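Please model the entire structure based on the sequences and the hints provided.
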Amino acid sequence: MKLRSRTVLTLTFIIILSLQGNAQISWKKQEAVDNLPLQLFHSPQSINLPTVETLQQGDFEFEISHRFLPSIKDGAKDLYGFDGPVNMRIALGYAVTDDLVLTLGRSNVDDNLDLKGKYRLLQFKETFLPLLVGVQFGIAKNTQTIRPIASSGRAYQYFGQIIFNTMVNKKLGIGLVPSYLSNSNIYRSDVQNSFTLGMNLQYYVTNMFSVLAEFNPTVNGYLNRFNSAAFGFELETGGHFFKVILSNNAKLNPTQFLSGADKNFGNGEWRLGFNITRLLKF
Amino acid sequence: MRNLLFLCLLISVELYSQGTELHVKQGSKNHVEFISDAPFGKFSGVTDNVDGYMYWEGNNYTTNSSLYFEVDLKTLDTGIGLRNRHMRENYLQTDKFPDASFKGKITNVTPAAQGTFNVDAEGEMFIHGVTKYNKISGVLTKSSNSDYSIKTNFNIKLSSYNIDIPSIMMVKLSEVIELQLNFNLLAVNKTEGKK
Numbered sequence: 001m002k003l004r005s006r007t008v009l010t011l012t013f014i015i016i017l018s019l020q021g022n023a024q025i026s027w028k029k030q031e032a033v034d035n036l037p038l039q040l041f042h043s044p045q046s047i048n049l050p051t052v053e054t055l056q057q058g059d060f061e062f063e064i065s066h067r068f069l070p071s072i073k074d075g076a077k078d079l080y081g082f083d084g085p086v087n088m089r090i091a092l093g094y095a096v097t098d099d100l101v102l103t104l105g106r107s108n109v110d111d112n113l114d115l116k117g118k119y120r121l122l123q124f125k126e127t128f129l130p131l132l133v134g135v136q137f138g139i140a141k142n143t144q145t146i147r148p149i150a151s152s153g154r155a156y157q158y159f160g161q162i163i164f165n166t167m168v169n170k171k172l173g174i175g176l177v178p179s180y181l182s183n184s185n186i187y188r189s190d191v192q193n194s195f196t197l198g199m200n201l202q203y204y205v206t207n208m209f210s211v212l213a214e215f216n217p218t219v220n221g222y223l224n225r226f227n228s229a230a231f232g233f234e235l236e237t238g239g240h241f242f243k244v245i246l247s248n249n250a251k252l253n254p255t256q257f258l259s260g261a262d263k264n265f266g267n268g269e270w271r272l273g274f275n276i277t278r279l280l281k282f
Numbered sequence: 001m002r003n004l005l006f007l008c009l010l011i012s013v014e015l016y017s018q019g020t021e022l023h024v025k026q027g028s029k030n031h032v033e034f035i036s037d038a039p040f041g042k043f044s045g046v047t048d049n050v051d052g053y054m055y056w057e058g059n060n061y062t063t064n065s066s067l068y069f070e071v072d073l074k075t076l077d078t079g080i081g082l083r084n085r086h087m088r089e090n091y092l093q094t095d096k097f098p099d100a101s102f103k104g105k106i107t108n109v110t111p112a113a114q115g116t117f118n119v120d121a122e123g124e125m126f127i128h129g130v131t132k133y134n135k136i137s138g139v140l141t142k143s144s145n146s147d148y149s150i151k152t153n154f155n156i157k158l159s160s161y162n163i164d165i166p167s168i169m170m171v172k173l174s175e176v177i178e179l180q181l182n183f184n185l186l187a188v189n190k191t192e193g194k195k
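Going line by line, the protein sequences match chains Z and H.
Each residue of the first sequence is one higher than the one before, starting from 1 at the first, in my numbering.
Each residue of the second sequence is one higher than the one before, starting from 1 at the first, in my numbering.
Derived from the structure by calculation, the hints contain no laboratory data.
Treat the hints with care, since some could be wrong.
[Unchecked claim] Derived DEER-like restraints, expressed as beta-carbon distance ranges:
| no. | chain 1 | residue 1 | chain 2 | residue 2 | range |
| --- | --- | --- | --- | --- | --- |
| 1 | H | G41 | Z | F128 | 40 to 46 angstroms |
| 2 | H | A112 | Z | I64 | 54 to 60 angstroms |
| 3 | H | Y133 | Z | G117 | 51 to 57 angstroms |
| 4 | H | K157 | Z | I64 | 35 to 41 angstroms |
| 5 | Z | T97 | H | Q180 | 27 to 33 angstroms |
| 6 | H | T107 | Z | I64 | 42 to 48 angstroms |
| 7 | H | N134 | Z | L102 | 42 to 48 angstroms |
| 8 | H | A38 | Z | L176 | 39 to 45 angstroms |
| 9 | H | N189 | Z | E31 | 21 to 27 angstroms |
All of these numbers come straight from a predicted model, not from anything done at the bench.
By construction, the Cβ of each residue, glycine as well, lies at the ideal position given by its N, Cα and C atoms.
Put into structure tokens, the structure is as follows:
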């Protein structure tokens, strides 16, 4: 009995002492929770290949891109391409949610009108290298073909891509983009399909300047003439991404780009081009 | 033995009746906003992620007073995703310095209208890895025995906290940023321990 009351007394003292230590301030700092979505590449697209990056819900992104058809090899007489002609694309993307962007684009090549949706699927923050996985699907209609096509249905093309992105040391972004294209060449009498294994690298020299390169070899199915390659630099400001690039592929809309290039970069047949995107919020 | 126990209880009750401690009331309408008003355009960033406490003993608000408030900068939303990212990664470097905070004491309290007090505080402002001594004034409103709110506006100079002002921004930042804070506090019931 005596032992018990002593225990009670001791316990009470301990409790009081501990409360006394606490008496001043009981507020405790909350454990920080990182709810931010993982972001790797800065821009939603590399040169022609997509990255997993999306926009914030409600944001718009306007794109205007050019590819000058004469190659730089043709030299000063075509002003390294600037004399034209030129392929161009204009597009407007809209973020339906933080994870889903819908983009409507148009190219002057066959007046290709394309609608694509990109969805940010998975993120792995705690792995050895951070990993983002996204998918992109699109449908395109070539609204004005320069030659007759087999049937009106052949004006439509479809594509699908899985996008894997990682980043080393917050500096070197690496992308792998297996892509499937259906009806690769609308002018062929039989339907052609292509499977390509796109890959892209981007090194962020500073927060606002980076160099990037892209290679999109066709591993199976239809290939225009050559595998596509491109490289260049990207300048990033508050709401713009400016890319100046050299590529052997002059096509811009996804279903046209994925079918392959017509120039041989092995012969130095590079063409100048640029992408400009502008983020808009209304 | 029983008397001793009683005495202990008395001491503990005595201890707890001394101080008033307020905690930021989570889930209430807390509002932290910075406003950049440059010639090119005005924009702001908003978060409700503020936490901290305020403490004093007795009735004059200043005795043994201390206060600490922190804002989670990662959650600041300027309305444009890319701008948020630039702010976090390029200018505030929130992976290194996730919070901005103010730690200090209450130096002066003067009653204003019914239930409101003008409060002066001084202490250390911590932003972007830089600590600066600062004096801040605000209004404390007591709406019931346990419910309080704080409203304060003050300016900070970005260069004082080594925050580079970007030369090319979609909307250029002004060198002086106005901060507006308006948040609710709840008194902690000491006899029942922590909130």
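Hint by hint, here is what the structure shows:
1. G41(H) - F128(Z): 40 to 46 angstroms: Holds: the Cβ-Cβ distance is about 42 angstroms, inside 40 to 46 angstroms.
2. A112(H) - I64(Z): 54 to 60 angstroms: holds (57 angstroms)
3. Y133(H) - G117(Z): 51 to 57 angstroms: At roughly 53 angstroms between Cβ atoms, G117(Z) and Y133(H) fall inside 51 to 57 angstroms, so the hint holds.
4. K157(H) - I64(Z): 35 to 41 angstroms: Once the Cβ atoms are compared, 38 angstroms apart, the range 35 to 41 angstroms for I64(Z) and K157(H) holds.
5. T97(Z) - Q180(H): 27 to 33 angstroms: holds (29 angstroms)
6. T107(H) - I64(Z): 42 to 48 angstroms: violated (57 angstroms)
7. N134(H) - L102(Z): 42 to 48 angstroms: Taking Cβ atoms as reference, N134(H) and L102(Z) lie about 47 angstroms apart, which means the hint holds.
8. A38(H) - L176(Z): 39 to 45 angstroms: Check passed, 41 angstroms falls within 39 to 45 angstroms.
9. N189(H) - E31(Z): 21 to 27 angstroms: holds (23 angstroms)
In this structure, the one hint that does not hold is number 6.
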